[in-house]
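Q: Listed below are the residues making up each chain.
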Amino acid sequence: PEGGTVAAVENTKGPIKIAFLSFQNNPFWTPVTEGAEAANDYLSKFNATVDFVDLGNELSAEAVVAGIEGALAKQYDGIVVVPIFDGTARIIDEATDEGVPVFNIVAEGATPSNRLAFMGQDATSAGKQIGEYIAKKMDGKGKLGVITGYFGATQHTQRMNGALDFLKANYPQIEIVGPFENKDKAESAYSLVQDMMTANPDLSMVYVTAGGPFGAAKAVKDLGLTGKVGVVGFDHTPDNMQYLKTGEMVGLLDQAPYQQALDASVMLYNYLVDGTEPPSKVIPVVGKLLTPQDVQ
Amino acid sequence: MYSNGKTSTAGNEPVAGILPSGPLLRARGIAKSFAGNVVLHSADLDLYPGEVVGLLGENGAGKSTLMHILSGGLQPDAGTVEMHGQPTHFNTVLDGIEAGISFVHQELSVIGALTVAENLHLGHMPKTRAGFVDFQKMRDEAVALLNRVGAGGIDPRHEAGTLRAGEQQLIEIAKAAGRNPRLLILDEPTSSLTPHEVEGFFAYVRAARAAGTAIIFITHRLEEVLKLCDRLVVLRNGAIVSERRPAETTRQQLITDMTGKPAIYEYRERQIPDKTVALSLQRVRDRDHLEDISLEVRKGEIMGLFGLVGAGRTELLEVIHGARPLASGKIALFGTPVSHRDPSAAVRNGIALVPEGRKTAGILPQHSVRDNAAISSLRRFSGRLFSDLRGDVTRMEDYRDRLGIRMARDTQPISTLSGGNQQKVVFARALMVDPSILLLDEPTHGVDVGAKSDLYEIVAREAERGLTVLMASSEVPEILALCDRVAILSKGRLAGILSREEMSEDRILTMAFMEH
Amino acid sequence: MSQSLSIVRDLAKHREASVLVMLAAVAIYLAFASDYFLEPRNLLNVGRQASVVAIVALGQALVIIARGIDLSVGSVIGLSAVVGAILMRDTGSETIGLLGGLATGLACGVVNGLLYTRLRINPFIATLGTLSVARGIALLLTGGIPLPFGGFAEFVGAGRIYNIPVSFLLMIVLAIIVHIFAVKTVTGREIYAIGDNPKASRLAGVNIRSIRLFVFALSGLLAGLGGLILAGNLASADPNLGVGYELDVIAAVILGGTALSGGRGSIIGALLMALLNNAFVLLGISAYWQVVTKGLVIIFAVGLDGLQRRGDDD
Amino acid sequence: MSQSLSIVRDLAKHREASVLVMLAAVAIYLAFASDYFLEPRNLLNVGRQASVVAIVALGQALVIIARGIDLSVGSVIGLSAVVGAILMRDTGSETIGLLGGLATGLACGVVNGLLYTRLRINPFIATLGTLSVARGIALLLTGGIPLPFGGFAEFVGAGRIYNIPVSFLLMIVLAIIVHIFAVKTVTGREIYAIGDNPKASRLAGVNIRSIRLFVFALSGLLAGLGGLILAGNLASADPNLGVGYELDVIAAVILGGTALSGGRGSIIGALLMALLNNAFVLLGISAYWQVVTKGLVIIFAVGLDGLQRRGDDD
Ligand SMILES: Nc1ncnc2c1ncn2[C@@H]1O[C@H](COP(=O)(O)OP(=O)(O)OP(=O)(O)O)[C@@H](O)[C@H]1O
Ligand SMILES: Nc1ncnc2c1ncn2[C@@H]1O[C@H](COP(=O)(O)OP(=O)(O)OP(=O)(O)O)[C@@H](O)[C@H]1O
Ligand SMILES: [Mg+2]
Ligand SMILES: [Mg+2]
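Chains as they are written, first to last, in this note's numbering: chain A, 127 to 422; chain B, 7 to 522; chain C, 222 to 535; chain D, 222 to 535.
Here chain A stands alone, though its shape is the one from the complex (with noise of 0.2 Å):
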């Protein structure tokens, strides 16, 4: 299909229901969603259907629990869903154990579980692969404030920490500002920014972890520090994007949401039709960095 990588096989086996949960609450999850729906389209045509379910737009463990209950409730053949947290991993062996496999996308928790696969970024290399962006961009000396989305919230420290050790031990000329917390927040990062810059002054780089980091790139501007300061980020939202363009934001990394919803849900149904098991446990997704250059 469009924009996959997988092909189906021809179902041998009648008709195939998956479930495909996921959340939405900020343009992150669009790509996903239409990866679902894609998914859908192409497999309708093997006799399968892929049914999108909204966990919501408040992300909590306690929200996939309840989701993947309610599909094995709804008696799914399988389930395609966006974990994210530790505590997960229970329930995700209770629906392997009745039989029903689940392909985790996007994000785990760092609690092993007995998914079919998981497919998605390591948060941790990601991090580490943003490190080294900004290493280079920063010639490997100055200071770096660092804000992350929810103190406590594994794929943010992950990613935070993937790049914070890489530095730490690669560069120890960089210094570090923060870590400061702005729940997910444009607002809060750019108060964030704010006062970062009026006890640094001499600050070159800004990397936010996790959501908002638009608001950090607009205090950049008017601060106007524009190409003194750089922003590097997640996810190619437009509204990220947009300071790509006006440089205020320097890097972007991308975690390929539509390929990973609709190839997930094609592998889960090949395996649900021939056991064909996916190319192995955790199908890694190198983020995308973008860079200014490349929306010129």
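Think of the hints as simulated: they come from the structure by calculation, not from any bench.
Source: prediction; values computed, not measured.
Even for Gly, the Cβ is constructed at its ideal location relative to N, Cα and C.
Among the clues, some could well be false.
What the hints assert, rightly or not - Below, simulated DSS-like cross-link-like pairs (lysine-lysine); rule was C-alpha separation at most 27 Å, straight line:
#, chain 1, residue 1, chain 2, residue 2
1, A, Lys294, A, Lys414
2, C, Lys405, B, Lys365
3, A, Lys371, A, Lys267
4, B, Lys336, C, Lys405
To be verified - On the chain C side, residues computed to face chain B include the following (Cβ under 7 Å):
#, residue
5, Thr406
6, Val407
7, Tyr413
Unchecked claim - A short list of chain C residues far from chain B (calculated; beta carbon distances all over 10 Å):
#, residue
8, Leu259
9, Arg262
10, Gly313
11, Tyr383
12, Ile393
Guided by the hints, dock chains B, C and D with the ligands onto chain A, whose structure is given.
A: For chains B, C and D with the ligands alone, coordinates are given in the frame of chain A:
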């Protein structure tokens, strides 16, 4: 304590070593002032076991303050209190209770969410062996207690919050009685009781006296003290001015003691020249209580509204005031039909109300006296944008003088005024609206005799100037003293209207019982 | 503030019946709209999903009845789970872990109670403070990284007895206990008394300080239990566990009609919310409509009886 | 009773004072601990950062004074911003966009007010409902995707006049207006009366329904303005804007000592919180300690005066 099983006896064990003839409590030189405002100068008071002392005085004379000091609720600035000849000092009310002093406050304080039985046992509920509340025992004891204070009709299983004010008052009395106190202080306990309830209550007081309890009884109803008390103490301007035996004194004498001048209001023959009908009700009904009430009140007339408790007087006033929806019927003001959906509309049309229940429906407790008085007439005096704050000051001064409101400053919170003075402020509030119709619901509850006659005077004067008054009252003498006519309600129906000439205590009461 | 809290209490009186009607309406609708709704398994899922909010709401209900409010429950859930997991890991003893988790909840509750009764800090502010402090401590203890949490706790959180979720059973049992406690014991009655009129209660000899301390302690304890159940269910003690639960819990209490609740009410409120979430998953309602629907159902559930009770203000 | 009421008054008075003391203490400490703190630019930043919470708190304070509570402000911030941005995009007119945003806030407030005064829904539940509904509508209108939001709004949100942030100026002006309104106008005085004793106020001729409707409408309007400022500052109207603001706003009101607050109080409360966030960055306080410290400061700010006032209950 009855919770220890001694429900039936109403007495205290005699305390060893104390001569029965010595005073139970001796207060000397009690002084108290609030923020420089001297309330008690130097009050001396002796109380003996087995004696009922009536404490009289105008509103704000300091009666409640003195009682708060004796019971530990307030600390005196100077003076000493001895119990059984021993100097005593109560830091808190709980200390006082511990020492056998029970104080039934002027303001109601039952716990509405609990049942009557639970209220009576709060603080020391009996337990079953399993550790649960022993509801059966509690009910039985509650019945006994309620009977003791003449309130046998109250079901102990009822939620206290749904009861009438009078019934709640009786519960508080029963609660105090249950502690078998050595000294029982009753601050205006009868102001919301029916005549029948008052009888039962008196019986209890006499029984407690016989059992050796010292009792202080505060009231503004002189007939009651003359009937019940052994000794009458009058407090004026923060000092004790007289002590008399009931048999050796008169109403008039007591009033002079209290006010410094003889004051009593006599009905003055008045002609009501204006035949305009100011307020007319036609077959007025509310949702559940009133049935087809038709009534006309002329401009400048003072119309009484009498009925037994539950007759529906409050409901009727509320319907006229727009606080209660009119189910059917018509109300007209000076011939123009009106249908107020909210009291604010009524006030705008010149109908002001002095509500029943000062604490719950009257005052704004955290507001100053001045703001309390001004609240109804804010819109009347406001400029285009701003409230007339300066005008409030002068108006307040004016009404303080006209109503004789006793206070230190008009910026003090109204809750620091004495009960009667609070009521006068609510009165001032209504008059500031410059209403054409004034609705009064038990307007003189807790108001002293002097102030009562002041208020009657004011009402009569305003009526003379064309104000139409509709006054609900439970006190027949009040109706006789003030009203040109009286409408009598009985169980939500209009039992009849009596003109001045037809009015007599007997006829009024007979008609009030018509539907019973 | 205590004013607005007392209004919360007052208006919650009639509520219960109308929320029950709403609960029934949603359930009946679901029974027709989804073939899976009435399956015992699904119904039990709903019960389990309601259990944590309901259990925590039991304590919160008593706090609210006594005119307090406890905003810290969400953070206490997280902190208790984390402390439990750390103790379990370090001592190797499940019992110590579980007791430690409960003790943590209790300790948080006691702190709240002392801030209120001793330092006289408005409970809204005091518990807003502990909300932050408890969450911060949970983060400090774990360095922000979730800990595994298994064994008996997992059984409580996720296990089943005769196919009935243990946490659901626990919720029922606790609700019955709390209800009996509130209605039949002296302390229970005194809680109602101080909620209604603290001053009169004190003069009647009720020790209002210790009663207030008690309700906050109980609320903390139950939040601690909630934390263990939640972490047990997820087999993971996340320092961010329970973030934002305070509003859900308070909503459950008020939906359930505090005044009557002693226990019943809280469950009804929590069930309504769990049922809604179940409906969203079963019917596949889109996220944004879920948000709208949730709000509308809450408003209607309570608005129903407002429609009949026209006419009287305050 | 009389004593207890005057204590309540005193308490509210002292509370403000003790929060002011805390504010001063933090500021003085910062002045020594950080070279940058006293720079005018930094101080103005703090002012700007406090402005949205403070402006929304002005409305919330009046709601709370009148014995209500408005939990929906966070969502109203988001919805107003989104509607403003859509109107601006579709009509091409900034004025229509801004007015549309304000009107949205106002409309939300009116809905809250009507739910309370007409349907008699407890304001906690009613505004919890609109919290959800408004957020859902914002998400539906945008499909979850932020919209660009510039022009005059951006000037209001991020612009400066003589180097002073416009939103900070707006906060000061509005606080003065609200304060004068609360203290000097008839409606303002009636708001306080209702909060004191609704029944007595109603019988005295205060139209409590329309006053209540008014305070909720005003709260909605100011939340709408807050949304425009916030979105203007970021030049982007995100449907998730303002999530969780309700607790911050209510905390600001209570920290500021509602009873007196007409306006002053709310600002003091909001400033304290903004100052804390500033302090974390200037002093580089380590991550999790930030969370702990925030809670402790809130508790101490209010607890300070509790320490002196031992001895008396209620
Ligand atoms: N806490 C207080 N602060 C200031 N003034 C007070 C306070 N308590 C009482 N007062 C004043 O003390 C005076 C005496 O009040 P008190 O309540 O003792 O009068 P009272 O004789 O009981 O009158 P009433 O018959 O009207 O109840 C009043 O002028 C009142 O305003
Ligand atoms: N909601 C209610 N629940 C229980 N009883 C009520 C309720 N409303 C009114 N009543 C009772 O109905 C009766 C009529 O009340 P209302 O106050 O009108 O009587 P009234 O003639 O004014 O007498 P009074 O004011 O002296 O009690 C009272 O006994 C009152 O207690
Ligand atoms: Mg008195
Ligand atoms: Mg009456």
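Q: Against each hint, give a clear statement of whether it holds in the structure.
A: Hints versus structure:
no.: 1; hint: Lys294/A x Lys414/A; result: holds, 24 Å
no.: 2; hint: Lys405/C x Lys365/B; result: violated, 32 Å
no.: 3; hint: Lys371/A x Lys267/A; result: holds, 25 Å
no.: 4; hint: Lys336/B x Lys405/C; result: violated, 50 Å
no.: 5; hint: Thr406; result: holds, 6 Å
no.: 6; hint: Val407; result: holds, 5 Å
no.: 7; hint: Tyr413; result: holds, 5 Å
no.: 8; hint: Leu259; result: holds, 39 Å
no.: 9; hint: Arg262; result: holds, 38 Å
no.: 10; hint: Gly313; result: holds, 37 Å
no.: 11; hint: Tyr383; result: holds, 30 Å
no.: 12; hint: Ile393; result: holds, 20 Å
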